[in-house]
Amino acid sequence: MISLAIVSPKGGVGKTTLCLNLAFAFAQAGRKTLLIDTDPQGGIGHSLSGKAKDAPGLVDLMAGESADRVIMQTRNQYLSILPVGQPPWAQLSTWSAQMADPEVLASHLAPLESTYEFAIIDTPAGLTGPAYGVLSYATDILMPIQTEPLSLRVVGQLMEVLGHLKSQGARAKLSAVVLTMARLRDDTSLSVSQEAWALFPEKLVLDTIVPRDAELLRASAHGVPVGLLRKRPPPVTAVFDRMAAELEPRLGMTETTHDEQPIALLD
Amino acid sequence: MMNSQSLSWIDRGRWAGLLAKATEVLAPTPRAPAARPLASGPGAAVPHRRARRATPPLPGLPTPPAIPRLPGTPPPGPRTLLGVPAPPAAAPEPPRTVAGYPPFASPSRSLEERLQALVSWIEACVPCHAAFIADDNGLPVVEHLGAEPGQIAAASSILLMLASLRSLMQGSGGWLSLKLGETILHVVEVATPWGRFGIGVVTDDCLPREFLTALSAAVERAFHGEPAEGGST
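Residue numbers (this note's numbering), protein chains in the order written: chain A, 2 to 268; chain B, 309 to 541.
Be aware that a few hints might be false.
[What the hints assert, rightly or not] Rough simulated footprint, nothing fancy, chain B against chain A, three-plus residues with beta-carbon under 8 angstroms:
id	stretch
1	90–97
2	157–166
3	206–212
[Unchecked claim] From the derived model, a few chain A residues whose C-beta atoms are all more than 10 angstroms from chain B:
id	residue
4	Met2
5	Val71
6	Gln78
7	Ala107
8	His109
9	Ile142
10	Ala215
11	Ala222
12	Asp242
13	Met254
14	Leu266
[Stated by the list, open to error] Restricting the straight-line Cα-Cα distance to at most 25 angstroms, the calculated cross-link-like pairs of lysine-lysine (PhoX-like) are:
id	chain 1	residue 1	chain 2	residue 2
15	A	Lys204	A	Lys11
16	B	Lys329	A	Lys167
17	A	Lys174	B	Lys329
It should be emphasised that the hints constitute simulated quantities derived from the structure, not laboratory data. Heads up, the beta-carbon is just placed ideally off N, CA and C, and yes, glycines get one too.
Bound conformation, chain A alone (with noise of 0.2 angstroms):
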């Protein structure tokens, strides 16, 4: 199972709204996915209309729960996600310190890679606690950046993290580096994408872009996918699917083949 962490030392870059809608694009496409939030505060839950931010989840599998009771099937048949259920309050230094420990979600989802070819992890903001254990079992990360400057500034921060990580053996690489809300037309939002080109070799930052756009914002009122906001989906969803098709072949993905099979219309 190829695992894609979305990882980013500042909070509100996107993470959420970018896991969301590049695993839908990825089901999508054809490829049977997991969604995993590792978030405490449950970004992937309150995005999603329904039960979701009431489910039990990674944090009931942690405990002992089986991860068929767990784990969401959606109506999208190559997507499911495991929510971050709900995390003890009361012990959430604890928790966050469990899941620091890279062994911890190895040995929690290692039963689950045969089942999926691709999980998407969300993670809190910063790089302690979730975000650290994620980064050390994940094969691959994807760094959103902001197109503001505090954004582009903390990057060092996840680079350094991911260098001590890789000189302890972790397995994760950068793979790739998106620019997210951005709006070209304004100086600053230009200008930081023009240092983040400048910064990463050509080959790591990928095309598409995601723009800041208020169907982004209608889709998470309505908590859906961009994708199902409506009947004919709007433009911006179209980056999503282009995303999805830039990053296959730098995960090394291979032709997929569940398409080639009929779908039943009904179960």
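Following the hints, put chain B in place on chain A, whose structure we already have.
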């Protein structure tokens, strides 16, 4: 002024080492292309927003890597202020002429001016409600007449669809005409060293095959340039 100093405050001396560790297999070859024009003074040239490679060179960074070329495209020359390669200095090919349409010619060495000339040329060749060039994010690069945002955004969806179709059928490029209400939106896909673009034309009628042939030649010359005596820069 915005681009005259680093926004990231990153220690460049340490950056290359961090990048090498974090990316494992990707060599640390950050790009450091030519300077972006500083649009700070009155009357200063406004940089085109597609000039994404136009960041000032960063101190201590190696020579910028070459932009990978698409098959069949000429090697890029020196970068211009817009951050895109200037037309090569080789002897120009004469414009291809298609019966019924004037050959496209633009002496400018500026890609932006050539693209604007291309849109003007389209408008001169065919009666149309709108003509534009959009990038594959559905954002306008050049637009003339009354192009609607929805039509430009639709170009992005059409480019995506053409890319999907290419995975099923061999070939490159392509164009699609879409009847929308009373008008027809034509989108011609163009692959360039700077990404994919869609040339959009909104008309009442189908476009003649001869025009599409002429457009194909015009697009080639607009994107890749044609050295001319005394051309503007």
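Results for each hint:
1. Against chain B, the stretch 90–97 of chain A contributes 0 residues with a C-beta closer than 8 angstroms to a partner C-beta. That does not satisfy the three-residue criterion, and the hint is violated.
2. Requiring three or more residues with a Cβ within less than 8 angstroms of a Cβ of chain B, the coverage given for the stretch 157–166 of chain A holds, as 6 such residues are present.
3. Here the stretch 206–212 of chain A counts 4 residues with a CB under 8 angstroms from a CB of chain B, which clears the bar of 3, and the coverage holds.
4. No Cβ of chain B comes within 10 angstroms of the Cβ of A/Met2; the nearest lies about 19 angstroms off, and the non-interface call holds.
5. No Cβ of chain B comes within 10 angstroms of the Cβ of A/Val71; the nearest lies about 32 angstroms off, and the non-interface call holds.
6. Once the 10 angstroms rule is applied to beta carbons, A/Gln78 is consistent with being away from chain B; the minimum gap is 20 angstroms.
7. Separation of A/Ala107 from chain B is adequate, the least Cβ-Cβ distance of about 19 angstroms exceeding the 10 angstroms criterion.
8. Annotated as non-interface, A/His109 keeps its C-beta farther than 10 angstroms from every C-beta of chain B; the closest such distance is 25 angstroms.
9. Distance to chain B contradicts A/Ile142 as a non-interface residue, since its nearest Cβ pair spans about 8 angstroms, not more than 10 angstroms.
10. Against chain B, the non-interface label of A/Ala215 holds: every CB pair exceeds 10 angstroms, the least being about 13 angstroms.
11. Every C-beta of chain B lies more than 10 angstroms from that of A/Ala222, the closest at about 21 angstroms, which supports listing it as non-interface.
12. The claim that A/Asp242 is not at the interface with chain B is violated, since a C-beta of that chain comes within 10 angstroms of its own (minimum 7 angstroms).
13. At the 10 angstroms boundary, the C-beta of A/Met254 stays outside the reach of chain B, the nearest C-beta of that chain being 14 angstroms off.
14. Look at A/Leu266: its CB is around 23 angstroms from the nearest CB on chain B, clear of 10 angstroms, so calling it non-interface holds up.
15. Distance restraint check for A/Lys204 and A/Lys11: the Cα-Cα separation of roughly 23 angstroms lies within the 25 angstroms cut-off, and the hinted pair is therefore satisfied.
16. With a C-alpha separation of about 7 angstroms, the suggested pair B/Lys329 and A/Lys167 falls inside the 25 angstroms cut-off, and the hint holds.
17. Proximity of A/Lys174 to B/Lys329 is assessed by CA-CA distance (about 8 angstroms); at most 25 angstroms being required, the pair is judged to hold.
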